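Peer 1: So the chains spell out like this:
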Amino acid sequence: MTALPDAAVSRLVRAIRAPDLSGTRYVLGREVGRGGMGSVWEAEDPELGRVVALKVLDLPDAAGDLAARLKREARVLARLEHPGVVPVHDVGTLPDGRPWYAMKLVRGDRLDAAAALLPTLRERLRLFLRVCEPVAFAHARGIVHRDLKPSNVMVGPFGEVLVLDWGIARLLDEEASERRPGPPAEPPIEPCEPRAGGPGTAAGTVLGTPGYMAPEQARGDGGVDARADVWALGVLLRGLAGPEALRARRLAAIVAKATAERPAERYEGAPALAADVVRYLDGEPVTAYRERPWERAARFAVRHRVALLLLLAYLAARAAVLLVYGR
Amino acid sequence: MNKVLLGLLLGGGLGVLDGLTAWFTPEVRKDILGIVMGSTFKGLVAGLLIGFFSKKVASVPATVVFGVIVSGFFAYLVAAQMGKYYFEVMLPGALVGLVTGYVTARYGKGAPAGNPERRAA
Numbered sequence: 000m001t002a003l004p005d006a007a008v009s010r011l012v013r014a015i016r017a018p019d020l021s022g023t024r025y026v027l028g029r030e031v032g033r034g035g036m037g038s039v040w041e042a043e044d045p046e047l048g049r050v051v052a053l054k055v056l057d058l059p060d061a062a063g064d065l066a067a068r069l070k071r072e073a074r075v076l077a078r079l080e081h082p083g084v085v086p087v088h089d090v091g092t093l094p095d096g097r098p099w100y101a102m103k104l105v106r107g108d109r110l111d112a113a114a115a116l117l118p119t120l121r122e123r124l125r126l127f128l129r130v131c132e133p134v135a136f137a138h139a140r141g142i143v144h145r146d147l148k149p150s151n152v153m154v155g156p157f158g159e160v161l162v163l164d165w166g167i168a169r170l171l172d173e174e175a176s177e178r179r180p181g182p183p184a185e186p187p188i189e190p191c192e193p194r195a196g197g198p199g200t201a202a203g204t205v206l207g208t209p210g211y212m213a214p215e216q217a218r219g220d221g222g223v224d225a226r227a228d229v230w231a232l233g234v235l236l237r238g239l240a241g242p243e244a245l246r247a248r249r250l251a252a253i254v255a256k257a258t259a260e261r262p263a264e265r266y267e268g269a270p271a272l273a274a275d276v277v278r279y280l281d282g283e284p285v286t287a288y289r290e291r292p293w294e295r296a297a298r299f300a301v302r303h304r305v306a307l308l309l310l311l312a313y314l315a316a317r318a319a320v321l322l323v324y325g326r
Numbered sequence: 000m001n002k003v004l005l006g007l008l009l010g011g012g013l014g015v016l017d018g019l020t021a022w023f024t025p026e027v028r029k030d031i032l033g034i035v036m037g038s039t040f041k042g043l044v045a046g047l048l049i050g051f052f053s054k055k056v057a058s059v060p061a062t063v064v065f066g067v068i069v070s071g072f073f074a075y076l077v078a079a080q081m082g083k084y085y086f087e088v089m090l091p092g093a094l095v096g097l098v099t100g101y102v103t104a105r106y107g108k109g110a111p112a113g114n115p116e117r118r119a120a
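Protein chains in written order, with numbering that gives the first Met the number 0: chain A, 0 to 326; chain B, 0 to 120.
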């Protein structure tokens with residue numbers, strides 16, 4: 000028996016996986032990504048003359064868990080209208096039963112790759128602040144991402160930051176409304192715990208990515224809230240800052256507070272963490288670190304160094320005039 | 000603190016300090032009160048002008064240059080009144096303007112002209 004060449008095998012695999020878009024208005028392009036439950040394809044929308052990204056389940060999901068998860072992700076994205084969250088354009092089901100949704104095609108680099116191009120800590124911290132914005136927006140709407148990691152944050156060519164993959168996001172308000180008697184305030188989005196995971200996202204009741212999962216999330220504790228995202232943001236911050244920058248006590252304290260073992264010791268949410276990073280950038284005291292008096296004085300001197308140097312120049316000139324001219 | 004008040008306080012404060020240095024010159028020590036008052040008045044007027052300029056022109060370099068020119072000019076008037084000590088009076092005077100201009104523009108709060116967003120804030 001003759002083995003098929005690799006190229007032929009990959010063409011066959013692609014043909015099997017490639018979604019049949021007949022019945023939709025989209026024209027299939029190349030595959031641009033692959034996740035735990037499905038793949039992302041470039042597709043052209045001839046009606047609007049634009050290229051979109053189509054997320055489709057790899058295989059028809061008989062049990063319906065993954066399909067429900069994909070639909071749920073689309074609804075979560077639709078709820079999060081923010082420049083830092085990929086907008087959903089359309090949803091539907093393929094003739095073979097696989098659900099799909101169309102979203103903005105994101106072009107750019109992963110967070111870590113984009114950060115590697117930024118030479119200064121200040122620029123990397125500003126990039127981190129832009130990651131915090133959509134996360135804070137989601138928290139304000141009762142949504143916890145639960146899978147923040149560099150590959151789920153894209154930085155576009157103009158520096159725009161987009162947080163992706165909200166597939167395992169948790170809806171706090173919905174769960175709260177489920178616990179309360181009476182109808183939910185908003186159309187429900189079914190909570191979904193998939194049986195199968197995939198590369199990058201662990202399966203079962205523990206959802207997330209090792210290394211970026213908060214301890215309570217890794218233990219599979221119920222009641223994971225916005226502070227789980229704070230933990231992941233802390234890990235991202237540690238990675239963006241780098242070991243050299245973390246020698247600075249105030250920045251290291253911010254990372255330590257964000258990644259505290261107990262949720263109660265962390266920042267309450269992304270806005271509080273971002274606010275402390277802004278304070279750090281502005282040379283102001285951060286809530287995560289209690290300064291000693293000399294540290295406060297040193298920070299003040301660094302922050303106002305130009306004004307202090309000018310004042311010293313004036314005093315030096317005054318002293319020189321007195322000493323040289325005696326007046 | 001708004002730019003005008005900051006300019007006024009800083010100009011006045013540095014004016015007092017500048018005037019007090021006359022104490023180190025024995026021949027004018029007896030006139031120190033008048034010197035301090037004159038120097039303070041000069042600093043207040045310069046600080047006020049610098050504050051208004053900074054409020055109108057939202058530019059640190061422009062305010063610094065304006066501060067040096069205004070304070071240098073006032074110092075020149077003082078030196079011209081005495082008819083001597085031009086360098087000794089004008090150098091610290093111009094530096095006072097430099098400090099006042101920088102601090103006022105950098106730290107003072109106030110809406111620059113033609114910026115409705117900041118005015119609204």
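None of these hints come from the bench; they were simulated from the model. Treat the hints with care, since some could be wrong.
Restraint ranges, calculated between C-beta atoms of paired labels, are given here [unchecked claim]:
(1) B:F23 with A:P118: 35 to 41 angstroms
(2) A:E243 with B:Y106: 42 to 48 angstroms
(3) B:G37 with A:R246: 47 to 53 angstroms
(4) A:L311 with B:I68: 50 to 56 angstroms
(5) B:V15 with A:P292: 39 to 45 angstroms
(6) B:G37 with A:R125: 21 to 27 angstroms
(7) B:V15 with A:L322: 37 to 43 angstroms
Not the full set, but computed from the structure, chain B residues with beta-carbon under 10 angstroms of chain A [as the list claims (entries may be wrong)]:
(8) L13
(9) D30
(10) R105
Just a sample of chain B residues kept apart from chain A, beta carbon distances all over 12 angstroms, derived [as the list claims (entries may be wrong)]:
(11) K29
(12) L32
(13) G33
(14) L47
(15) K55
(16) F72
(17) G92
(18) G96
(19) V98
(20) K108
Just so it is clear, the structure is predicted and the values come from calculations on it, not from any experiment. We put the CB at the ideal spot given by N, CA and C, even for glycine.
Peer 1: Look at each hint and say if it fits the structure.
Peer 2: Taking the hints in turn, this is what the structure says about them:
1. At about 49 angstroms, the beta-carbon gap between B:F23 and A:P118 misses the expected band of 35 to 41 angstroms.
2. Separated by about 31 angstroms at the C-beta atoms, A:E243 and B:Y106 break the suggested range of 42 to 48 angstroms.
3. Remark: the range hint 47 to 53 angstroms for B:G37 to A:R246 is upheld by a beta-carbon distance near 52 angstroms.
4. In this structure, A:L311 and B:I68 break the distance hint of 50 to 56 angstroms, their C-beta atoms being roughly 22 angstroms apart.
5. Our hint of 39 to 45 angstroms for B:V15 and A:P292 is violated, since their Cβ atoms are close to 28 angstroms apart.
6. A hinted range of 21 to 27 angstroms for the beta carbons of B:G37 and A:R125 is inconsistent with their spacing of about 49 angstroms.
7. Separated by about 21 angstroms at the C-beta atoms, B:V15 and A:L322 break the suggested range of 37 to 43 angstroms.
8. Contact between B:L13 and chain A, as hinted, is supported at the beta carbon level, the nearest pair being about 7 angstroms apart and thus within 10 angstroms.
9. At a threshold of 10 angstroms, the smallest CB-CB gap from B:D30 to chain A is about 12 angstroms, leaving the interface hint violated.
10. Look at B:R105: its Cβ gets to within about 7 angstroms of chain A, closer than 10 angstroms, so that hint holds up.
11. With a least CB separation of 14 angstroms from chain A, B:K29 remains clear of the 12 angstroms interface cut-off, as annotated.
12. A cut-off of 12 angstroms between C-beta atoms confirms that B:L32 is not in contact with chain A; the least separation is 17 angstroms.
13. Its beta-carbon lying about 15 angstroms from the closest one in chain A, B:G33 satisfies the requirement of being farther than 12 angstroms from that chain.
14. Every C-beta of chain A lies more than 12 angstroms from that of B:L47, the closest at about 19 angstroms, which supports listing it as non-interface.
15. Distance check on B:K55: its Cβ is at least 21 angstroms (rounded) from any Cβ of chain A, clearing the 12 angstroms threshold; non-interface status holds.
16. No beta-carbon of chain A is positioned within 12 angstroms of the beta-carbon of B:F72; the least distance is around 17 angstroms.
17. With a minimum CB-CB distance of about 10 angstroms to chain A, B:G92 fails to clear the 12 angstroms threshold, and the non-interface call is violated.
18. The claim that B:G96 is not at the interface with chain A is violated, since a C-beta of that chain comes within 12 angstroms of its own (minimum 10 angstroms).
19. In this structure B:V98 is not separated from chain A by more than 12 angstroms, as the shortest Cβ-Cβ distance comes to only about 5 angstroms.
20. Distance to chain A confirms B:K108 as a non-interface residue, since its nearest Cβ pair spans about 15 angstroms, more than 12 angstroms.
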